[in-house]
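Line by line, the protein sequences give chains A and B. The numbering of the first sequence is numbering that gives the first Met the number 0, which starts it at 0 and goes up by one. The numbering of the second sequence is numbering that gives the first Met the number 0, which starts it at 0 and goes up by one.
Hints in this document: simulated from the structure, not taken from any laboratory. Take these hints with a grain of salt, some might be off.
Away from chain A, derived, C-beta distances all over 10 Å, residues of chain B [claimed, not checked]:
#1 V32
#2 D48
#3 T112
#4 D126
#5 P157
#6 D159
#7 G179
#8 E239
#9 D315
#10 R396
#11 R438
#12 F484
#13 I485
Heads up, incomplete: computed chain B residues facing chain A, CB under 7 Å, no partners named [to be verified]:
#14 W40
#15 R446
#16 E447
Note that the coordinates shown come from a computational prediction; the quantities given were computed from them, not determined experimentally. Positions of the beta carbon are idealized from the N, C-alpha and C atoms, including for glycine.
The chain contents come next:
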Amino acid sequence: MSSAERLPADAAAVNARGAGWQRYKATLRYGLYVITHPFDGFWDLVHEKRGSLAAAHTFLALFLITYVLKLMLTNFQFITAPIQYINIYERCASLLLPFLVLCLSNWSLSTLFDGKGHFRDIYMVMCYALVPYILIQVPLILLSHMISFDEASYYTVLESVSIIWCLFLAFAGLMQVHDYSPGKTLIFIVFTIFGAMVILFLVLVFFSLLSDAAGYFVSLYREIVFRLH
Amino acid sequence: MKRYLRWLALGIAAMLLLPACCALAESDGFSSVYTYNYDYWGEMRESPDAYRVQTVIYSGALGLETPMNRPQSLFVLGDDLYVCDTGNNRILRLTREGDDFKLSGIIDSVHGTSPETFSTPSDVAVDKEGNIYVADTNNNRIVMMDKDRNFIRDYVKPEDTTFDQNLSFLPSKIVVDSCGRVFALATNVNKGIVKYEADGTFTGFIGANKAKYDMWDYIWKSFFTTKEQRASQASFVPTEYENIYIDRDDFIYATNTVFSEYDLKWDIAKPIRRINSIGNDILIKNDKYPPIGDLYWVEQSLDYGPSKFRDITVLDNDIYIAVDSTHGKLFGYDPQGIMLWAFGSKGNFEGAFLSARSVEHMGLDLMVLDQNENSITVFTPTEYGRLIYQASDEYLRGEYDQSADTWREVLKLNANYNLAFIGIGRSLMRQEDYEGAMRYFKMAHDRENYGRAYRYYRKIVVERNIVWIVIAAACLLIVPPVVGFIKKTRAEVAAYEQRGTTAR
Numbered sequence: 000m001s002s003a004e005r006l007p008a009d010a011a012a013v014n015a016r017g018a019g020w021q022r023y024k025a026t027l028r029y030g031l032y033v034i035t036h037p038f039d040g041f042w043d044l045v046h047e048k049r050g051s052l053a054a055a056h057t058f059l060a061l062f063l064i065t066y067v068l069k070l071m072l073t074n075f076q077f078i079t080a081p082i083q084y085i086n087i088y089e090r091c092a093s094l095l096l097p098f099l100v101l102c103l104s105n106w107s108l109s110t111l112f113d114g115k116g117h118f119r120d121i122y123m124v125m126c127y128a129l130v131p132y133i134l135i136q137v138p139l140i141l142l143s144h145m146i147s148f149d150e151a152s153y154y155t156v157l158e159s160v161s162i163i164w165c166l167f168l169a170f171a172g173l174m175q176v177h178d179y180s181p182g183k184t185l186i187f188i189v190f191t192i193f194g195a196m197v198i199l200f201l202v203l204v205f206f207s208l209l210s211d212a213a214g215y216f217v218s219l220y221r222e223i224v225f226r227l228h
Numbered sequence: 000m001k002r003y004l005r006w007l008a009l010g011i012a013a014m015l016l017l018p019a020c021c022a023l024a025e026s027d028g029f030s031s032v033y034t035y036n037y038d039y040w041g042e043m044r045e046s047p048d049a050y051r052v053q054t055v056i057y058s059g060a061l062g063l064e065t066p067m068n069r070p071q072s073l074f075v076l077g078d079d080l081y082v083c084d085t086g087n088n089r090i091l092r093l094t095r096e097g098d099d100f101k102l103s104g105i106i107d108s109v110h111g112t113s114p115e116t117f118s119t120p121s122d123v124a125v126d127k128e129g130n131i132y133v134a135d136t137n138n139n140r141i142v143m144m145d146k147d148r149n150f151i152r153d154y155v156k157p158e159d160t161t162f163d164q165n166l167s168f169l170p171s172k173i174v175v176d177s178c179g180r181v182f183a184l185a186t187n188v189n190k191g192i193v194k195y196e197a198d199g200t201f202t203g204f205i206g207a208n209k210a211k212y213d214m215w216d217y218i219w220k221s222f223f224t225t226k227e228q229r230a231s232q233a234s235f236v237p238t239e240y241e242n243i244y245i246d247r248d249d250f251i252y253a254t255n256t257v258f259s260e261y262d263l264k265w266d267i268a269k270p271i272r273r274i275n276s277i278g279n280d281i282l283i284k285n286d287k288y289p290p291i292g293d294l295y296w297v298e299q300s301l302d303y304g305p306s307k308f309r310d311i312t313v314l315d316n317d318i319y320i321a322v323d324s325t326h327g328k329l330f331g332y333d334p335q336g337i338m339l340w341a342f343g344s345k346g347n348f349e350g351a352f353l354s355a356r357s358v359e360h361m362g363l364d365l366m367v368l369d370q371n372e373n374s375i376t377v378f379t380p381t382e383y384g385r386l387i388y389q390a391s392d393e394y395l396r397g398e399y400d401q402s403a404d405t406w407r408e409v410l411k412l413n414a415n416y417n418l419a420f421i422g423i424g425r426s427l428m429r430q431e432d433y434e435g436a437m438r439y440f441k442m443a444h445d446r447e448n449y450g451r452a453y454r455y456y457r458k459i460v461v462e463r464n465i466v467w468i469v470i471a472a473a474c475l476l477i478v479p480p481v482v483g484f485i486k487k488t489r490a491e492v493a494a495y496e497q498r499g500t501t502a503r
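Please model the entire structure based on the sequences and the hints provided.
Here is the structure:
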């Protein structure tokens, strides 16, 4: 029962914006299906076009917002965030950047070793895998204000569930999107992490060379100005 | 116009320079802050002075013909202050008269034994009967004499298989417990504290530091070094203690200065220990940071490095004070291991030390011995320091409400004092003002106490609003199924009707 079936037969006749909105809502709702049926869900997400990039972006944004809310609003009993020193842009960047670099690294490795996924699919799968984090952490913020330090185990268990669930979804998703066996996926996840490090290294080298090159022209300009005067 | 421009330029220059000046002042902050404490985040917070210099004792003022020469240790009994004047092979006895200290005796020999004089004595202790014990290092003995300097007995190298007979016995620090047992640290001995019974027999070692090595050391030494290399390298030996002190309950406080600085924050180094009679460390550490002195230090400064506690003393209210020779500072900790204050500096001015070697207390006053300046600095608590002691004493005695009032006084002098917030919070909790207690515990970042107060608060709130909570729960449980049922029925009816119309 896909979203296309659920729409009226004369969907084309309905105005296009309305249909787009309907589809967006359906792909958002599909996030809930995916987290409970990861293997079928991720297969259909990519191969039956039941997910959308817009929904993926939304999940990523919600994930970052949840993270910031968690830092700011969780009761101090359960989080040691020095709120006076936190820069939320920096914190978000330190999550977003590794996320994107990991997607990139996974894509570049899997294209070399007959993975079926496009970059778009990998990104979508990874974003859909973040849904449990959003669903669990937001109520956890409320819960943190209702329990005491002695009952911290409820909090920590739910917190770890949210993270383990996400990791498992990412694993299942990558497996389906590339059509890999579980063992191969595991090996590729390890290689992906190495690949991400290589990418970061290359970026650093590139920027240091770039700044050297820029420095050369700046000093050249200074020298000319100095000679002219 | 030109003049305005000049002013403008000056203004801009000032604006550009100002942050630089502030930054300079800040980077110098370590030396300008004399008394401080650490907040929850480990930030250094300047605080009012807890102690003020009352007097500094020099050889000249005491009327000594030969001035003190590298004194190593202090000991206090009643109003008498004993100074172990190591370089001159003698013990000085000073007696307190009001604010002054007068020389009341020089102990430089003992009658009835040979040799009669001392050779680099490095510590002195006096028991309740007035018998004097001297760690006579280079004569390889600990001498016990009565108050008229008549020899009673000496404690020499243990004739025991556990003691390596090739080593000479060099006692460096001694303490005597209330039963007359003698505990000594000896140079070269790393099996712990040497223990003698009151009759002078050696009964073993207690509280040995554990030998320390990691797996990589082991693998490296076993497989990658030759036998000759191994022989020339240091073997895995436990470290020696630096100094010991015995409190009124006969627990030994020991300090340790040989450790790697990375072991400090994870509390592996344990620079301060409280050793019970079977040799276990039972020091209580209930703070976020263990009692290690300074939490961080300035890179590239002259006194770079962790705090090295040369001596420790324990007040009658179980507050212990350790002296750090690296930065010339004193650190006070309460029985829970929470830092009360830290103060001191390196230097030549009053209240600063070149090489602090020993600390003792007389009541609440502190005496600190500087072995390079050959001086003894006497500190007396300020109002702020007294209030802190008073509040913690009142709390220990169970006078919680007075203690909270005293903590409020402390807060007037230092609004950054975490312990005061906790103290007030505890008192409010006893008065069943849980909301107020939670506010104070939150300011102190005290999770455990906050959680405790919160549990009571939650119970009260739930009991007060139980009706609404039941109604809300009922709504949540009953409304969705009912709505679902209605929707389903409507849909069925609609479907039936539709089917009916199409059939017709």
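Do the hints match the structure? See the list:
no. : hint : result
1   : V32  : holds, 20 Å
2   : D48  : holds, 27 Å
3   : T112 : holds, 61 Å
4   : D126 : holds, 47 Å
5   : P157 : holds, 50 Å
6   : D159 : holds, 51 Å
7   : G179 : holds, 47 Å
8   : E239 : holds, 37 Å
9   : D315 : holds, 34 Å
10  : R396 : holds, 28 Å
11  : R438 : holds, 12 Å
12  : F484 : holds, 23 Å
13  : I485 : holds, 23 Å
14  : W40  : holds, 5 Å
15  : R446 : holds, 5 Å
16  : E447 : holds, 6 Å
Comparing the model with each earlier hint shows no violations; every hint is respected.
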